[in-house]
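Protein chains in written order, with the working numbering: chain L, 1 to 795; chain F, 796 to 1107.
Derived by calculation from the structure, the hints in this document are not laboratory data. It is possible that some hints are incorrect.
[Stated by the list, open to error] No farther apart than 20 angstroms at their CA atoms in a straight line, the calculated lysine to any residue pairs in the SDA-like style are these:
| id | chain 1 | residue 1 | chain 2 | residue 2 |
| --- | --- | --- | --- | --- |
| 1 | L | Lys213 | L | Asn246 |
| 2 | L | Lys624 | F | Ser862 |
| 3 | F | Lys1094 | L | Gly594 |
| 4 | F | Lys1094 | L | Val773 |
| 5 | L | Lys624 | F | Leu861 |
| 6 | L | Lys490 | F | Arg930 |
| 7 | L | Lys624 | F | His1070 |
| 8 | L | Lys402 | L | Pro148 |
| 9 | L | Lys679 | F | Ile1030 |
| 10 | L | Lys49 | F | Ser1049 |
| 11 | F | Lys1094 | L | Arg18 |
[To be verified] Here are the in silico distance ranges between beta carbons for each label pair:
| id | chain 1 | residue 1 | chain 2 | residue 2 | range |
| --- | --- | --- | --- | --- | --- |
| 12 | F | Glu996 | L | Leu631 | 57 to 65 angstroms |
| 13 | F | Lys1094 | L | Ala471 | 43 to 51 angstroms |
| 14 | L | His393 | F | Gly949 | 26 to 34 angstroms |
| 15 | F | Val851 | L | Arg389 | 48 to 56 angstroms |
[Stated by the list, open to error] Simulated coverage check for chain L against chain F, where a stretch passes if three residues somewhere in it have a Cβ under 8 angstroms from a Cβ of chain F:
| id | region |
| --- | --- |
| 16 | 339 to 345 |
| 17 | 514 to 523 |
| 18 | 619 to 626 |
| 19 | 721 to 731 |
Note that beta-carbon positions come from the ideal geometry of N, C-alpha and C, so glycine has one too.
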Amino acid sequence: MPRTMFSKAAILGRLTRRTLLALVLAIVVWSFGSVLVRWAGTYQRRQGKIVLTILHWGSPAEVRIEKILIGAFEKRHPSVRVVDINVNGDYTSKLKTMFSAGEPPDLFYLSYDDFRRMVGDHLLLDIQPYIRAQRRAGRFQWLRDFYPVPLNAYRCNGRVVGRGDLYGLPKDFSTMVMYVNLNLFHEAHISVPYRGWTWRQYQRDMKKISALKPTPTGRIYGGVLNTWPATLQNILWTYGGHFFQNGNYRRVALDSPAAQRALQMIYRTRFIDKSVFNATGIAKHGSEEFFTGHIGCIGPQGRWTTPPYRAIHSFQWDVVPLPHEKRTVSSIATVAWCIAAHTPHPRHAFALLKFLCGPGGQAMAARLGLAIPTLRSVAHSPAFLTPGRRPRHTQLFLDAIKNAPLPYTPPHHGEFNLIMEEQISDALQLGEKSTQSAAQKVARQWKRFLASPLEKPTFPAMPWRKISWIAAATLMVLAITGWLLTRREKIGVLERRQARAGWLFISPWLIGFLALTLGPMVLSLLLSLTRWTAIEPLRHARYVGLLNYQHALVHDSNFTQSLWVTFYYVMLLAPLSQILALAIALLMDARLPGIRLFRTAYFLPSVVSGVALATLWLAIFNTKYGLLNHLLKPLAHLLHTTPPDWFGLDAGRWAVPGFVIMALWGVGGGMIIYLAGLKGIPPTLYESARIDGAGAGRRLWHITLPMLSPLIFYNVVMAIIGSFQVFTQAQVMTNGGPHNDTLFYVLYLYQQAFETYHMGYASALAWILFAIVLTLTLLIFRASRNWVYYEGLKT
Amino acid sequence: MSSGGISLGESPRRAGGAPDPPRRMNPIPARIRLWFGRYSTGQTLAFYVLLALGAVVFLLPFAFMLSGSLKSEQAEQAGSLSLIPRHIHWGNYPAALARIHFGVTLANTLFVTTWAVLGQIISSSLVGFGFARFRFRGRNLIFILMLSTMMLPGQVTMIPVFLLFRSLGWVNTYLPLIIPAWLASPFFVFMFRQFFAQIPEELVEAARLDGASNWNIYWRLMLPLSGPVIAITAIYSFLWTWNDYLNPLIYINSPNKYTLALALANFNGQYGVRHPQYLMAASCITMLPCLILFFAAQKYFVESIAMTGLKG
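Whole structure, please, built from the sequences with the hints as guidance.
In structure tokens form, the structure reads like this:
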């Protein structure tokens, strides 16, 4: 019996619904207006002007400086409009995505360790001719004012980095120092080693500080040792060790005595003395820990933590040089402004480049203090040395320059770092492996990577012309066959008209299928046979046959790792989620008062997804303030352990289960499907079973499960397909780390395609994924004959 | 609640002449009937406790997020887990919204989402109509082909589709996020087809005799009847587009074109570790439309299952 249309409740309900609808409409209209007005504004501002796009990162304070500089530049060059894109988070991948999209920014920040690859791929503009022209005109004298080391890091003569033409101007750089908590040093009666110290002294001092009485908020650590690849390399250098033998990137030298001494020193402080905080986790480095006041000394670290540390008021701090063993040496990190090789406005881009690196801008940035100015006169001016502001020994940053060699980035350094981080951190962060065996493992894996047949330099060009002929011919044949078939059909006019209308109505999907599915599938299969980076035109693709597949299956340890991570995830999630969904659905099937509320509660989480889901769970998994570990603490206490450091120390064991827990939160989606299925089971079945004396368990086993089996089958297949494609959570939460423990397959594929532009290889990865998913689905189909009971569908 | 609340088996109100499936009569008094039989009071109580515990587990993350978004930074960093913050900091919300440029990103997201939802409804219903109401050679084969594309991992086509859109000059525009939605998704086509197929042939015949063209039958007869399917399509395509991250990540470059998901991810990379309270506030706001939509359209979520014909 429907409610009367004029009851009060009905009118009220309709009214609220109308108001809500009007509200939603208003917001939508506003959003359209906002977007369109912005478009119009941009169009107007850019009309008739030269538009330069620049890409950079930076804190709000840096962005402000950038804005001031751009404003000044635009005033001086009224014909130029600068569009400035500030990217935080994953800058490098954004830059690379823009390049592979064929729309690179004209001007962009480039970190020294990406320079080699970019210049090797001919993506950077050689600015030497412009400099020469300027100098000939007697301008740009201040080029000589640049510190030579960071400047030379952006030179290349076609073979080696460090010599030859300039491809960018470094905007700033940093040497490495250690930041010390003066209060803790004084408390431990240690003199602050402003004039240098050895690693032996370092270890002794760390032990002393870590022996200090713990505070109510936690224990005191002597220090934090940063061991990401660049700083680890620095520590190795101080011991006279290197990553590679004699600068030959093919031969890893981590097992040399000098390198081993350095690695063992790190191991000792972390696992034997336990005087150094073992910083792992989502934050990846411990620079945040310094704020707590529990850390005596942190480093090797650059200038960039100075501004945030200036906000510390609970203790005094300063900087000291890096400890040394054989030699005193500091690595440098630097960032330059570079110009895209194919910018349409190279002259204007160069003018902007010069302006942005000029003394004025550098002085402003120097006051901010995030890095050392690359102009010597600015670095030695009060703008940088900032008398009266912390750290008092800023001069030490400059002193370290004379011990700074040119940064060296080997070919494939990204791949090398991935391999090394994984193995070395097994030894240095988890303590699960000796440093010697970790070193050998790195060497082995690196050798296997380099032995890949893809490393051979020359391959024939992909015969695109032939392929397009074949494709065209196939299409022709298909079209003609289709036409002949329709001709031969003896059907009436009406039917023919019907058929034509049918085709017309399904044409949106047909177009989508041809353009976005079938065509791309063929192309992707072809691409998987090539070596091609998206930055070159397609005709430069090289035909490599099945080598991409061979490389993945035999030579690429990251591929194996990502496959393993994903399999683990799928095998854990698929059964767990189905059992849980089914169990909840069985509970929800009860006809009890108030069950609807519970149903809402269980289903609600499943509408949350994407980035918001990831950020929420990032907080829940946080070891410091997260929900989960708070709840687990009593339980862990009972078992005499501590709750896991999900994406940190215990990532090897717990990171994937962590992702599974997160996914299980959204189990309501599957639950609702099972619930619908349960409602569809005729009650008479249960009745007769009960009359026959079947208990609850037997009814579940002999009626419910068989009747639901088609649903279970469908859900399992969809769950497997879906969980193979985890991407957003992994990218946002851990981005594959720590140590590749969360390098999910699709994430790796994305990195290969859009960060290292290995489009051919990524296509091969996609097809391997497809093959795996297809095989699994077919296997389940095959097995389903034994357990899926299709009567359930027919009732 | 003598009839036991909403029952998923009940068919929703259907407009027009769609046949109502016969309602199943429940032979057992409904009061406390579990799927496995009758239970005593104590057992019912235990059952409620179990349900409540589960509900708490499922709702706790929301409470955590909400309370986290209202705490001061000190309280957050100190790691106190009181779900009710001592001092409520409403100021976190404006601060977080400013950091994700909420006005701009919200407008962008709504713009994209609206177009995508519209496109999805129109194209999927058209295609569904085509499959349901016309006979042509290979129709069933094509239909099965379409359904099987649902199993294709999107990564297989991702790169070439990217190359296609790049060559069309669509990078850093919203077209790559909108146009695919105008080309129909199998999932929704399937639902529309199932729905259209069960509309009685007499109705269509009658319209045809009155001189209605195919387009008129679609536009005047079929679409007005298919309210529930339209709602389901709207809801799901809204959720997909709203939460989509990979496509904006690949195609959108300029920050003033960011969608909420992108802005939130970017914000997380920038401030996530330092200011968890802002991150929680921003996550809250991003989720909110999805949650509102859920409460506003709860019955359609349930109905969508019935539509796919998945129930027994």
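Hints, verified against the model:
1. Lys213/L <-> Asn246/L: 46 angstroms, violated
2. Lys624/L <-> Ser862/F: 16 angstroms, holds
3. Lys1094/F <-> Gly594/L: Roughly 16 angstroms between the alpha carbons, so the hint for Lys1094/F and Gly594/L holds.
4. Lys1094/F <-> Val773/L: Not satisfied, since the Cα-Cα distance of roughly 33 angstroms exceeds 20 angstroms.
5. Lys624/L <-> Leu861/F: 18 angstroms, holds
6. Lys490/L <-> Arg930/F: Status holds; Cα separation ~14 angstroms.
7. Lys624/L <-> His1070/F: With Cα atoms ~13 angstroms apart, Lys624/L and His1070/F stay inside 20 angstroms; holds.
8. Lys402/L <-> Pro148/L: Cα-Cα ~10 angstroms, so holds.
9. Lys679/L <-> Ile1030/F: 24 angstroms, violated
10. Lys49/L <-> Ser1049/F: Holds. Lys49/L to Ser1049/F sits at ~19 angstroms (cutoff 20 angstroms).
11. Lys1094/F <-> Arg18/L: Distance of about 18 angstroms is within 20 angstroms: holds.
12. Glu996/F <-> Leu631/L: 57 to 65 angstroms: Given a distance of about 58 angstroms, which is inside 57 to 65 angstroms, the answer is holds.
13. Lys1094/F <-> Ala471/L: 43 to 51 angstroms: 49 angstroms, holds
14. His393/L <-> Gly949/F: 26 to 34 angstroms: 54 angstroms, violated
15. Val851/F <-> Arg389/L: 48 to 56 angstroms: At roughly 51 angstroms between Cβ atoms, Arg389/L and Val851/F fall inside 48 to 56 angstroms, so the hint holds.
16. 339 to 345: violated (count 0)
17. 514 to 523: holds (count 7)
18. 619 to 626: Per the Cβ count (5), the hint holds.
19. 721 to 731: Per the Cβ count (6), the hint holds.
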